[in-house]
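Novice: Read off the chains here:
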Amino acid sequence: MDDLLRDFLAESAENLAQLDHDVVELERDPSNAELLNSIFRTIHTIKGTCGFLGLDRLEAISHTTESVLDLLRQGVLRVSPEVVSDILRAVDVIKTILGGLEAKEQEPVGEDSLLIGILETWLIGEPKPEDQAWEPGLLEPLPPQVATASLAAMPAPSATAAMSVTDAILATPSGQSGDHSEIAISTPHVATGVDAATAVAASSLRVSVAVLDSLMNLAGELVLTRNQLLELCARQEGSPYGVPVQQLSRITAELQSVVMKTRMQAVGSAWGKLPRLVRDIARETDKQIELELRGAETELDRQLVQALQDPLTHMVRNSADHGIETPAVRRAAGKPEVGTISLNAYHESGNVIVEIVDDGAGIDPSRVRAKAIERGLVRREVAEGMSDSQVLRYIFEPGFSTAETVTHLSGRGVGMDVVRSNIERVGGTVELHSARGQGCTVRVKLPLTLAIVSALLVNAGGEAFAIPQSCITELVRFGGTERASIADLHGVPLFRLRNELVPVIGLSALLSLSTVTGEELKTLVICHVGSCRFGVVVDEVVDTQEIVVKPIGRRVRHLTCYSGCTILGDGRVIMILDPAGVAAMGGMQTAELRSTDSETRAAEVASVPSEAYLLFDGGSTAPQAVPLSRVARLEEVPTDRIEHADGRMVVQYRGGLLPIVTPPGVTLTSGQSRSVIVFTEGSSSFGLAVNEIRDIVEDTMQLELAPSRPGVLGTTVVAGAATEVLDISYLLARSRGEVS
Amino acid sequence: MVATTTRELVTFRVAEQWFGVPVLAVQEVLVAQRVARVPLAPREITGLLNLRGQIVTAINLHRRMELGTDPEGAPMNVVVRDGEELFALVVDEVGDVVPVPDQAFESVPPTLDTCWKGACAGVVQRESDLLAVLDPHRVLNDSTTSS
Numbered sequence: 001m002d003d004l005l006r007d008f009l010a011e012s013a014e015n016l017a018q019l020d021h022d023v024v025e026l027e028r029d030p031s032n033a034e035l036l037n038s039i040f041r042t043i044h045t046i047k048g049t050c051g052f053l054g055l056d057r058l059e060a061i062s063h064t065t066e067s068v069l070d071l072l073r074q075g076v077l078r079v080s081p082e083v084v085s086d087i088l089r090a091v092d093v094i095k096t097i098l099g100g101l102e103a104k105e106q107e108p109v110g111e112d113s114l115l116i117g118i119l120e121t122w123l124i125g126e127p128k129p130e131d132q133a134w135e136p137g138l139l140e141p142l143p144p145q146v147a148t149a150s151l152a153a154m155p156a157p158s159a160t161a162a163m164s165v166t167d168a169i170l171a172t173p174s175g176q177s178g179d180h181s182e183i184a185i186s187t188p189h190v191a192t193g194v195d196a197a198t199a200v201a202a203s204s205l206r207v208s209v210a211v212l213d214s215l216m217n218l219a220g221e222l223v224l225t226r227n228q229l230l231e232l233c234a235r236q237e238g239s240p241y242g243v244p245v246q247q248l249s250r251i252t253a254e255l256q257s258v259v260m261k262t263r264m265q266a267v268g269s270a271w272g273k274l275p276r277l278v279r280d281i282a283r284e285t286d287k288q289i290e291l292e293l294r295g296a297e298t299e300l301d302r303q304l305v306q307a308l309q310d311p312l313t314h315m316v317r318n319s320a321d322h323g324i325e326t327p328a329v330r331r332a333a334g335k336p337e338v339g340t341i342s343l344n345a346y347h348e349s350g351n352v353i354v355e356i357v358d359d360g361a362g363i364d365p366s367r368v369r370a371k372a373i374e375r376g377l378v379r380r381e382v383a384e385g386m387s388d389s390q391v392l393r394y395i396f397e398p399g400f401s402t403a404e405t406v407t408h409l410s411g412r413g414v415g416m417d418v419v420r421s422n423i424e425r426v427g428g429t430v431e432l433h434s435a436r437g438q439g440c441t442v443r444v445k446l447p448l449t450l451a452i453v454s455a456l457l458v459n460a461g462g463e464a465f466a467i468p469q470s471c472i473t474e475l476v477r478f479g480g481t482e483r484a485s486i487a488d489l490h491g492v493p494l495f496r497l498r499n500e501l502v503p504v505i506g507l508s509a510l511l512s513l514s515t516v517t518g519e520e521l522k523t524l525v526i527c528h529v530g531s532c533r534f535g536v537v538v539d540e541v542v543d544t545q546e547i548v549v550k551p552i553g554r555r556v557r558h559l560t561c562y563s564g565c566t567i568l569g570d571g572r573v574i575m576i577l578d579p580a581g582v583a584a585m586g587g588m589q590t591a592e593l594r595s596t597d598s599e600t601r602a603a604e605v606a607s608v609p610s611e612a613y614l615l616f617d618g619g620s621t622a623p624q625a626v627p628l629s630r631v632a633r634l635e636e637v638p639t640d641r642i643e644h645a646d647g648r649m650v651v652q653y654r655g656g657l658l659p660i661v662t663p664p665g666v667t668l669t670s671g672q673s674r675s676v677i678v679f680t681e682g683s684s685s686f687g688l689a690v691n692e693i694r695d696i697v698e699d700t701m702q703l704e705l706a707p708s709r710p711g712v713l714g715t716t717v718v719a720g721a722a723t724e725v726l727d728i729s730y731l732l733a734r735s736r737g738e739v740s
Numbered sequence: 741m742v743a744t745t746t747r748e749l750v751t752f753r754v755a756e757q758w759f760g761v762p763v764l765a766v767q768e769v770l771v772a773q774r775v776a777r778v779p780l781a782p783r784e785i786t787g788l789l790n791l792r793g794q795i796v797t798a799i800n801l802h803r804r805m806e807l808g809t810d811p812e813g814a815p816m817n818v819v820v821r822d823g824e825e826l827f828a829l830v831v832d833e834v835g836d837v838v839p840v841p842d843q844a845f846e847s848v849p850p851t852l853d854t855c856w857k858g859a860c861a862g863v864v865q866r867e868s869d870l871l872a873v874l875d876p877h878r879v880l881n882d883s884t885t886s887s
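Line by line, the protein sequences give chains A and B. Letter 279 of the first sequence, counting from 1, is numbered 279 in the working numbering, and no numbers are missing. If you count the second sequence from 1, you need to add 740 to reach the working numbering.
The shape of chain B in the complex, shown without the other chains (with noise of 0.2 Å):
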């Protein structure tokens, strides 16, 4: 057996489709939080939650990643820092930490949409689906969607 480095996922689920982000950018998973709107603010952004006295800002992955609008149920928080500031990602439901081989990551397939392209940083196969990794960084930042 040929020795690789892995990499760990967190994964997490938004309506059919699964996502994972590395283990290293989540700083936690919050169960649902009671959010302020922002009213006038990107339709992506849930609103701003607070984490101990930190403002989180909560991005809608449904509305980010352009897959319906809202999450059904209790929705579960993946909070990731970027640079100084802390983020939410609202997702239905939240997998295991998977560890993928290097190898296994395969590039962004260059017909995907923008939105998607813009967020995506590969993809992984599994045994019964494709798991789209995202660039937290990009999916924070780079929207079509920001007004």
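Just chain A, same shape as in the assembly (with noise of 0.2 Å):
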């Protein structure tokens, strides 16, 4: 390519993505000049350079533009949304033969009479024609007097034809016969593939990405050399080398992280879209609404910044789509007419956080729930015993949408699913919080580079690993006399985490590797992916390093559990695992296993009150528990001393006669002593019999399976057990002989 046209096509790509905020803000405020100067300064650079490169069709359409602008910024036209609608348009075209300049480098066939037209209908001060002949449906022809006026030269399009504003760019067949009968609406929109970084300083100088690519790889070799001088000089005492490698290394970390530091590109750069998306949702949907940009020059590595892109283009959609209300909803909900969708980035230990806020109507957990029920994602009983936000997390279902009318903006269903997935790629999380009528936060946590990672080294099965520092919450030991620690379920094997059970995958075994058998200590990594929760097992962990991420060949890429490989300071090669495709190896995909997520959790600890409860063997095959509260006394009652009387166990106690129940499905055994829990209804009390007390624990006690049998309140998992919850009131009118 001519060197004239690619720098010209950089520097327009740059200013274009600039112009469609700036045209947006100037709708806003119509009487900002400098952000009109600034507009009519972009397309007159472009239509000068254009004119000097030969450029028939880009100059003719910018210069009509410029024009327009020119009466603008002198004041004798004044700014309308319909003059910016057309302006707008006008850069959409602009962008579309840019866009065909760049990938064929000759300018893309077409006609922009029309639109021209409409443009010069501005500068002759007419009063401009339908605006709805710009709208999607039926294209009308242009009045007389303003053909005569101005459109004398070029072909009538007579005919009508459809079009939709949004998906196509106008343009007539170049053909100057009269007795075209159609308008032709074919060329898509060309989206100008240069990232643009906003305002560029004065001091800085433009540089290929390839560049900056091989510069970052470089860096990382350098890095892994350096950690291979140290490790030679670490096992020489006293090397005459081991002074200049010190200093080796220690520049080769600062120049490592300026390396990075060019290869940072503002957030903002991934936005420049959205102000001119909420526009024209805004128009189409007749709402009001305010986008507010918050820390735009919030840095991070450019591949995570186009990682971005479309994940935060999906979402404010969403938002600005199904989110926000009508102006007239609004005021009834007694909000303000404008609603308000904002975007703040910042940085947060060493994570970038993007947060997209809107103040709409929030997501109905009702609908989410009906609608997961209705897609069989998990059973009306389970369903209906789960939290709001449990319930939200199934939006993140594939094809999982509850937009009752499927617009051509959104409400696909192809949606959420695949934010995740893109953001969960470059190794970043997505969080949704909704508040029925009152909004929706998204929180989109990223890393700030990809390139290079802290890693835990581990070995399994006599082959060593990295797993990324990101995912790991915390590393258990355990093993020999612990192993107790690990439950089972139905051959699935779970840990006892504290207050949680945690699936477990083993690593060996999911990788076929050999597995070592024996008590011996392993070590249990507690990953965190997405709104899962797991444990690798590993057989030893190694150390913690600083790993450069080498991409793994085509023929293993296909394999999901690794993210890429590295290069140990020893120059050992070791793949790096992907905690994300492990968890779905390892069958970590169902709704029912992320009910393990731990934020969810503490939110829910924070809204239900916990309560004491205590805990024991009553003799069923899980451990069952009560209230602590309904608790009067416990007692250790020999078993003889039970007496049968009337059909019933009773037990002489105080001077008076204790019924006593045993929980639901158990018969009383002769054995030794037994524990009695001592409860009291009002003027009645009865003893449950049991096996052995064993705990109190606080708990809030979420029933998350319903009872299968009388007497049984239902399921949960208390202490890492999964436990019955018995029904007190049931027991009691079993002491008095009420039910059988």
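Check the hints yourself; a few may be wrong.
Here are the computed lysine to any residue pairs in the SDA-like style, where the Cα-Cα straight-line distance is at most 20 Å [said to hold, decoys possible]:
1. A:K550 <-> B:R777
2. A:K550 <-> B:P779
3. A:K261 <-> A:I251
4. A:K550 <-> B:Q794
5. A:K550 <-> B:L791
6. A:K550 <-> B:V819
7. A:K550 <-> B:G793
8. A:K273 <-> A:S85
9. A:K550 <-> B:L826
Note that these hints are calculated values from the structure, not bench results. Remember, predicted model here, so these are calculated numbers, not experimental data.
Put the two chains together into one complex; each comes in its own frame, and the hints tell you how they fit.
Specialist: Here it is in structure tokens:
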């Protein structure tokens, strides 16, 4: 490509990204002369350069646009939504032409006479012809006076054609003969491929991304070589190379951080298109939406900025189309008519956080619940016992949409799951919080860079692996005598981590490596991916290290359990595990497993007051629990003191008879002494005979499984074990002989 | 004597069979390297090795060409470049670079099994044996044994 043309394209792409933003801004602030001047200058520059390069089509459209802008600048024309819309259309055409130039090095064929004609109506000061001609639908022929005034030289478009402004760019066939009876609308919108930085300081230099990428690679190699040198020196006491190698090490680290900086891009460049998007949606849906952008200067690796772009556009579109209500609805709800969508980007402990907050209607949990049941993602009984925040997680299931109407803007149900997988692919996480009637917040967390990650080196099945630290929440040693902490549910190992059951994935088994069976101590690496928490069993934890992520070859790329490989200080190659892939391979895909989500749990703990429970072995297969507040006393009673009278079990107790019941389904077997839990309900008391009192725990007691037999309220997880919660009223009734 | 064009082939042995690949496809030949296994990879993938900071995918030709399972003794690596990626063909022994006149290339016999037919580009008759000429690109990609 011609150097001159390439420079022109790069510069224009940068300016145009800013232009959309500026034009929308101008609509809000029509009196901003500085903004108007900036827009005028951009178009003027394009016009000037393209005349020079012999780009006639581009020159014609930018010339007319410039003229309209000039009138606005002089104050002859007032800034109105209509004129802004026309200017934006012209900007779209300019982008299409530039896109074509970039792809084919020549102007795409097309005629813009109609658009130019419409722009020219602004120039001759005529009242604007029907704006609706531009809306999706039928395109009306121009009024005759316009045609005679300015369109004499062009073929009169006589027929009508259906068009969609958002999807297509208007272009008439380039032939000059008047017999064209149709207007062809086919040129797809070609996005300008160059990522534009926002304001560029005068002291900056344009460097190609390829150069930066190779610089990054070289810096990575240097880090590896440095690591090797450091290892060599560490082995030799008093090596004369010690000091210079230390020096080299320090410089390498500095170099690496500077090189990283060159790849940093402001997150604002990923949301350059959003003001325009929101404006268009607002106009189309008759809503009033304010878009607030904060922290646009927050920097992160350009690869991540790119990865963020589509999910961000999607989420903002969702907020604008589904989240924000119409002014009438908002007024009725006592909210300001103008809805707000705000984007905040900021750094937080080595991560970049991007929040998308809207003050719209929020997501209706009952609709999500109904939809989840309808789609068979969850059983009705389970769904009804779920908290709203648990239910909202289904939003991220593939193909899940609660939109009642599918508009062309959004609501097709290909959405949040794609957003989530895109974000997770680059090591980020997405969380969604919604409050009915108050709006919705989506929080995206991204690492600063992809190329160098801090990793935990582990051994499993005789092989070494690296696990990215960002996913690891804690390490737990187990085995030997503590093997009891692994529970088994239908052949699935679960680890009791404090109060929660965490699914366990044996790495050597998963990767078909030789498993060492023995009683030796192993380590459980607790990982957190998305809303999923799980433990990965490894034989040994070796070290933590900053590693350079290298892509793996295409023959092994299909293995989702690896995100790449790296070269260690001693030159060894090891695989980097992708915790998300490992989880998926371990069968961690069903929504049920996500109920171990600790953050949601934390939220629940905050909202549901916890209560103390008495945990005991009632003779049933599972541990059982009753609320401690209902328990009066605990007694030890030898079995032979339990007497049978009138078909009931009683024990002589404090000068009276205390009815004794057993947990549902359990019959009393003779043995040594029994623990009896004494309950007092009003004036009557009864005792529950159990094998052993276990513990007292604080828990919120969210019943996760519905009861299967009378006397049991439900099943929940207490202290990491499935536990039955008993129904005291039922037991009382039984002690009185009211139920058998 | 008629002037002919010749092609140079790097020859190597896998089990009892000698193979050739065009010398231009070969970047270098390495002695046995430390290879990192890739669990769950297709069975002919020996693993990954580090060639001066570049990651090379090693392919076990014994398995790829269905000639028994593993090389005997210390294997050699014939490093070939395919597009942007480097691969190492793990073989038993590397022989000479031999010039082969164009007309000596004979087409792959149609009766050959699918695995070999997919990987071979031709056959060259030598005094004592047949040299199977491999198409590196096809050896690296089209595999019946990959999972």
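Novice: With reference to the structure, classify each hint as holding or not holding.
Specialist: Hints and how they fare:
1. Only pairs whose Cα atoms come within 20 Å are accepted, and A:K550 paired with B:R777 is accepted, the gap being roughly 16 Å.
2. Annotation: proposed proximity of A:K550 to B:P779 holds, straight-line Cα distance about 17 Å (limit 20 Å).
3. About 15 Å separates the Cα atoms of A:K261 and A:I251, which keeps this hinted pair within 20 Å; it holds.
4. The straight-line distance between the Cα atoms of A:K550 and B:Q794 is roughly 9 Å, inside the 20 Å bound, and the hint therefore holds.
5. Between A:K550 and B:L791 the alpha-carbon distance is near 13 Å, which keeps this suggested pair within the 20 Å criterion.
6. Simply put, A:K550 and B:V819 have alpha-carbon atoms about 19 Å apart, close enough for the 20 Å limit, and the pair holds.
7. Our distance criterion of 20 Å between C-alpha atoms is met by A:K550 and B:G793, whose separation comes to about 10 Å.
8. Between A:K273 and A:S85, the direct Cα distance comes to roughly 15 Å. Compliance with the 20 Å bound is thereby established for this hinted pair.
9. For a cut-off of 20 Å, the pair hint linking A:K550 to B:L826 stands: about 13 Å separates their Cα positions.
No hint from the list above goes unmet by this structure.
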